[in-house]
Amino acid sequence: MLTEELVDLSRLQFAVTALYHFLFVPLTLGLAFILVIMELTYVITDRPIYKDMVRFWGKLFGINFALGVTTGITMEFQFGTNWAYYSHYVGDIFGAPLAIEGLMAFFLESTFIGLFFFGWDRLNKWKHFMVTVLMAVGSNLSALWILIANGWMQNPLGAEFSYVTMRMEMTDFWSIVFNPVAQAKFVHTVSAGYVTASLFVLGISSYYLLKGRDLDFARRSFRIAAGFGFASALSVIVLGDESGYTIGESQQTKMAAIEAMWETEPAPAGFTVFALPNETEMRNDYALHIPYVLGLIGTRSLTETMPGIKEIKERNRERIENGIQAVTALERLRKHRDDAAARAAFEASKADLGFGLLLKKYTVDVSQATPEMIQQAVDDTIPRVAPLFWSFRLMVALGFAFLLLFGFALFYSVKGNFIEKKWLLRWALWFIPMPWIAAELGWVVAEYGRQPWTIYGVLPTHISVSNLTPGNIYGSLAGFVGFYTVLLIVEMVLMTKYARQGPASLGTGKYHGEIAAGGALPAGAVADKI
Amino acid sequence: MDYETLKLVWWLLVGVLLVGFAIMDGHDMGMGVLLPFVGRNDLERRAIINTVAPHWDGNQVWFITAGGAIFAAWPLVYATAFSGFYWAMMAALWALFFRPVGFDYRSKIKHPMWRSTWDWGLFIGGAVPPVIFGVAFGNLLLGVPFRFNDYLMSTYTGSFWELLNPFALLAGVVSLAMITTQGANYLMMRTEGAIYRRVRTASLIFAVLTIAIFALAGVWVATGIEGYVITSVVDPGALPDPLAKTVEVQAGAWMHNYTQYVWAMWVPIAAFAALAASVLFSRLHQAGAAFWSSSVACAGIIGTAGVSMFPFVMPSSLDPRSSLTAYDAVSSHLTLGLMLGATVIFMPLIVFYTAWAYKVMWGKVTTEYIAANDKSVY
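Chains as they are written, first to last, in our numbering: chain A, 210 to 739; chain B, 9 to 386.
Among these hints, one or two may not hold up.
What the hints assert, rightly or not - Straight line, CA to CA, 27 Å or less: simulated DSSO-like cross-link-like pairs of lysine-lysine: (1) Lys372(B) - Lys334(A); (2) Lys336(A) - Lys719(A); (3) Lys118(B) - Lys383(B); (4) Lys569(A) - Lys519(A); (5) Lys383(B) - Lys719(A); (6) Lys719(A) - Lys631(A); (7) Lys420(A) - Lys559(A); (8) Lys706(A) - Lys719(A); (9) Lys631(A) - Lys706(A); (10) Lys383(B) - Lys336(A); (11) Lys334(A) - Lys260(A); (12) Lys260(A) - Lys383(B); (13) Lys631(A) - Lys420(A); (14) Lys420(A) - Lys383(B); (15) Lys569(A) - Lys544(A); (16) Lys372(B) - Lys544(A); (17) Lys253(B) - Lys706(A); (18) Lys630(A) - Lys570(A); (19) Lys630(A) - Lys559(A); (20) Lys420(A) - Lys630(A); (21) Lys383(B) - Lys372(B); (22) Lys253(B) - Lys719(A); (23) Lys519(A) - Lys559(A); (24) Lys253(B) - Lys260(A); (25) Lys367(B) - Lys706(A); (26) Lys260(A) - Lys118(B); (27) Lys420(A) - Lys719(A); (28) Lys367(B) - Lys334(A); (29) Lys570(A) - Lys522(A); (30) Lys624(A) - Lys260(A); (31) Lys260(A) - Lys420(A); (32) Lys544(A) - Lys519(A); (33) Lys383(B) - Lys334(A); (34) Lys367(B) - Lys383(B); (35) Lys570(A) - Lys260(A); (36) Lys559(A) - Lys570(A); (37) Lys336(A) - Lys253(B); (38) Lys544(A) - Lys260(A); (39) Lys336(A) - Lys367(B).
Calculated directly from the structure, the hints in this document are not laboratory data.
Given only the sequences and the hints, what does the whole structure look like? Please build it.
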């Protein structure tokens, strides 16, 4: 029996494991390319300090990567363990990008990361550089394929339902790959990763600069991070997810919820900077509204209208009513495959099958759904507005703060006097956690905003789960939270230890804390003490 | 390629991926199993760990990709098995958590307690998954209690503890012994001195053990457990619908394929011969040949389980007609074709660059080397 408790727990477990996993992914995506830039500088200039930079930042990369792998294994298997019906219903489409991700991206990334760490003495510098490039390409390709899979959940095209196999089946692979929603997501997500990594390097370099140590090393790292970070922060905003929000109904629904746009406005719609969304009365209290802006961002046109929540609900009501016909006909067809009347009725209404399935949350026999149940299902089709409205605004505000920070960092890098700008260095240091917050908020906007669907318009979240007992999920959820929290603490301890130790952790004898003068600690002494 | 052929090809390809997993991830998991016993001090243990340091992550992708490929090619198997074996899957996952962090974090802090904790973590990460996968195979041979409703939503009525029945546990031991042999043979190639002598002993013991238990399990399958037979007419090219067939439980049915296709006997024979060869080559100090032999043994043992059950993949003891087969648990024609294309393009590339990575890093890992490169190795 798929109880609400089971569904909520399954969702909670997925959210927890995905959010944990996404603590490690953005840094991997971005730091890999920063390592590429540093190593390219090394192979061109032949200056050992750049090699030390690759090795030191690579060490931190490795500490982060280990947990990315650990938490990533869960994601690959959780669809099967906890979302069995989802896996069956859309595995024909969703499984393919996951398998290709393994074949094309994970193998590449994981094979070359080994050579990245251990191949320094066995490869000439150009070969080692190639290894680093392939590792970076591999990690970013994996983001591409998982976002193609995720993009399909938001905007399912290139697939059709079959009543014989009782599932969605792929009809056009390339339209799934070139799904505009997936492409927009990919660019946005990897850019966010680049921002995360840039700020990580910028902030830790600032720490050394503030302490007045390893200046040469920190200065060069700071400059690279400032340049890469500025370009990425620009891209994350300009190529933001919003460019995809006009495509497909799911994105329109999400957009309306994010913007707390209850009514359809004449084009181009205004942008609500601030409001207190009132869900019961479906209106905003105290809205601060800028005319035209949203329509321009969302549709890139002056004439296209964007539907408001009330209009979307009315459309969905019709689809749910039509969906009842689809579910009823499908159930007859499943009993008698050659029932021609049922087949005709199904073919006529199958576009709304998913909407009919929304009623399964309230009744086993959808054909007997009461008007109250239909009303509940209609209300379900809009995700809760307030969390989306605020998550989105916080994320965007952070995005602009990053742009500003990197703008200053780049400006003073070019002028060459950033070391004197203590306020900038402190800002960079204390801002290190912010990209993670922005990234997690972005995940919430994208996935919470997709509710009540796992596959928009096709498969409701409610029937996607595995038929387990809530007790099972309580147990596994506790296990995941326990394991991940311990591992996260261990990771943070190591990360802090090595970040504090700085390039001296390489044991080259050239860096702060290693030079045996004035009672400084010998190499390795810090490690010994812990 | 027609649908029927594609279904058969994918049955083979899933097998290939599982065998790839056993050979590649198997040797570093086997390393983990042996680590606390054949490494007597920190330097020795670090030497052992560093034989797989550059490779374990790539090897683990065999596991991830096998999972992804089962999702893509056999979605019903992925859904039904993973949700049914819920706690077994959780245990395997959680055991695997110890590997990435065990490898990467172990030597980053010098405290002996810290290091020995992660050594045992690597042991768990190496020993638990093979046992669980073996137990899972054992239960597949016995049949698993699940059924589908009209929506093809599965209900599983068994519990975790029921998975741990005597036959399945025996299958778990076969798997563990096989993986440990594989790990020992790999370590023979990459270590020297005292460590080499210890892993060689382990290789001999575990290969003989694998032969004995695998034989015992074979006798058990032939005489002690019931197999499954499809009793309706099967159209292998039809749209997949598991509920369209009828299935019966019959004693000795898992031997039918061997009487019907006598050449199928070569699969278990190859497993035994390869294990015997592993013993022989270990005795002759031919580490490389021993490793290739135990690799063939992995293929033979996994292949034997697959061939015995064919075309069944996941028989249902609760409702035999819900059983999943290589014909009716599969993806659409388009998806299978597409995934075959992707495999044909990428698999040779993967084999090529993996081989290159091993070639670059090849050689004996000595304790002297570890001591001299304290900061840059695991």
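How the hints compare with the structure:
With a CA separation close to 23 Å, the supplied pair Lys372(B) and Lys334(A) stays within the 27 Å bound. About 26 Å separates the Cα atoms of Lys336(A) and Lys719(A), which keeps this hinted pair within 27 Å; it holds. For the given pair, Lys118(B) sits about 11 Å from Lys383(B) by alpha-carbon distance, which is consistent with the 27 Å threshold. For the hint linking Lys569(A) to Lys519(A), the alpha-carbon distance of about 23 Å falls within 27 Å, and the restraint holds.
This hinted pair checks out: Lys383(B) and Lys719(A) have alpha carbons roughly 14 Å apart, not beyond 27 Å. At most 27 Å may separate the alpha-carbon atoms for a hinted pair to count; Lys719(A) and Lys631(A) meet this at roughly 26 Å. Distance restraint check for Lys420(A) and Lys559(A): the Cα-Cα separation of roughly 66 Å exceeds the 27 Å cut-off, and the hinted pair is therefore not satisfied. A threshold of 27 Å between alpha carbons decides the hint, and for Lys706(A) with Lys719(A) the separation of about 19 Å falls inside it, so the pair holds.
For the suggested pair Lys631(A) and Lys706(A), the alpha carbons sit about 23 Å apart, so the restraint of at most 27 Å is met. Restraint check: the Cα-Cα separation between Lys383(B) and Lys336(A) comes to about 22 Å, which is no more than 27 Å; the hinted pair holds. The suggested pairing of Lys334(A) with Lys260(A) holds, with an alpha-carbon distance near 10 Å, which does not exceed 27 Å. The suggested pairing of Lys260(A) with Lys383(B) holds, with an alpha-carbon distance near 15 Å, which does not exceed 27 Å.
Of the supplied pair hints, the one linking Lys631(A) and Lys420(A) holds, its CA atoms being roughly 11 Å apart against a limit of 27 Å. For the hint pairing Lys420(A) with Lys383(B), the CA-to-CA distance comes to about 25 Å; that is within 27 Å, so the pair holds. A C-alpha spacing of about 18 Å is found between Lys569(A) and Lys544(A), which places the hinted pair at or below 27 Å, so the restraint holds. At roughly 65 Å between alpha-carbon atoms, Lys372(B) and Lys544(A) are farther apart than 27 Å, so this suggested pair is violated.
Our distance criterion of 27 Å between C-alpha atoms is broken by Lys253(B) and Lys706(A), whose separation comes to about 61 Å. Restraint check: the Cα-Cα separation between Lys630(A) and Lys570(A) comes to about 58 Å, which exceeds 27 Å; the hinted pair is violated. The hinted pair formed by Lys630(A) and Lys559(A) fails the criterion: a straight-line CA distance of about 63 Å is larger than 27 Å. With a C-alpha separation of about 13 Å, the suggested pair Lys420(A) and Lys630(A) falls inside the 27 Å cut-off, and the hint holds.
Using a Cα cut-off of 27 Å, the hinted pair Lys383(B) and Lys372(B) holds, with the two alpha carbons roughly 19 Å apart. Only pairs whose Cα atoms come within 27 Å are accepted, and Lys253(B) paired with Lys719(A) is rejected, the gap being roughly 73 Å. Pair hint Lys519(A) plus Lys559(A) holds up; C-alpha atoms about 24 Å apart against a cutoff of 27 Å. This hinted pair does not check out: Lys253(B) and Lys260(A) have alpha carbons roughly 64 Å apart, beyond 27 Å.
Annotation: proposed proximity of Lys367(B) to Lys706(A) is violated, straight-line Cα distance about 34 Å (limit 27 Å). Straight-line distance between C-alpha atoms of Lys260(A) and Lys118(B) comes to about 25 Å, which keeps the hinted pair within the 27 Å bound. Of the pairs offered as hints, the one joining Lys420(A) and Lys719(A) holds, with about 17 Å between alpha carbons and a cut-off of 27 Å not exceeded. For the given pair, Lys367(B) sits about 17 Å from Lys334(A) by alpha-carbon distance, which is consistent with the 27 Å threshold.
The suggested pairing of Lys570(A) with Lys522(A) holds, with an alpha-carbon distance near 18 Å, which does not exceed 27 Å. The straight-line distance between the Cα atoms of Lys624(A) and Lys260(A) is roughly 25 Å, inside the 27 Å bound, and the hint therefore holds. This hinted pair checks out: Lys260(A) and Lys420(A) have alpha carbons roughly 23 Å apart, not beyond 27 Å. For a cut-off of 27 Å, the pair hint linking Lys544(A) to Lys519(A) is broken: about 38 Å separates their Cα positions.
With a CA separation close to 20 Å, the supplied pair Lys383(B) and Lys334(A) stays within the 27 Å bound. Between the alpha carbons of Lys367(B) and Lys383(B) the distance comes to roughly 23 Å, so the proposed pair stays at or under 27 Å and holds. Using a Cα cut-off of 27 Å, the hinted pair Lys570(A) and Lys260(A) is violated, with the two alpha carbons roughly 58 Å apart. Restraint check for Lys559(A) and Lys570(A): satisfied, since their Cα atoms lie roughly 19 Å apart, inside the 27 Å limit.
This hinted pair does not check out: Lys336(A) and Lys253(B) have alpha carbons roughly 56 Å apart, beyond 27 Å. Straight-line distance between C-alpha atoms of Lys544(A) and Lys260(A) comes to about 68 Å, which puts the hinted pair past the 27 Å bound. For the hint pairing Lys336(A) with Lys367(B), the CA-to-CA distance comes to about 14 Å; that is within 27 Å, so the pair holds.
Comparing the model with each numbered hint stated earlier shows that hints 7, 16, 17, 18, 19, 22, 24, 25, 32, 35, 37, 38 do not hold.
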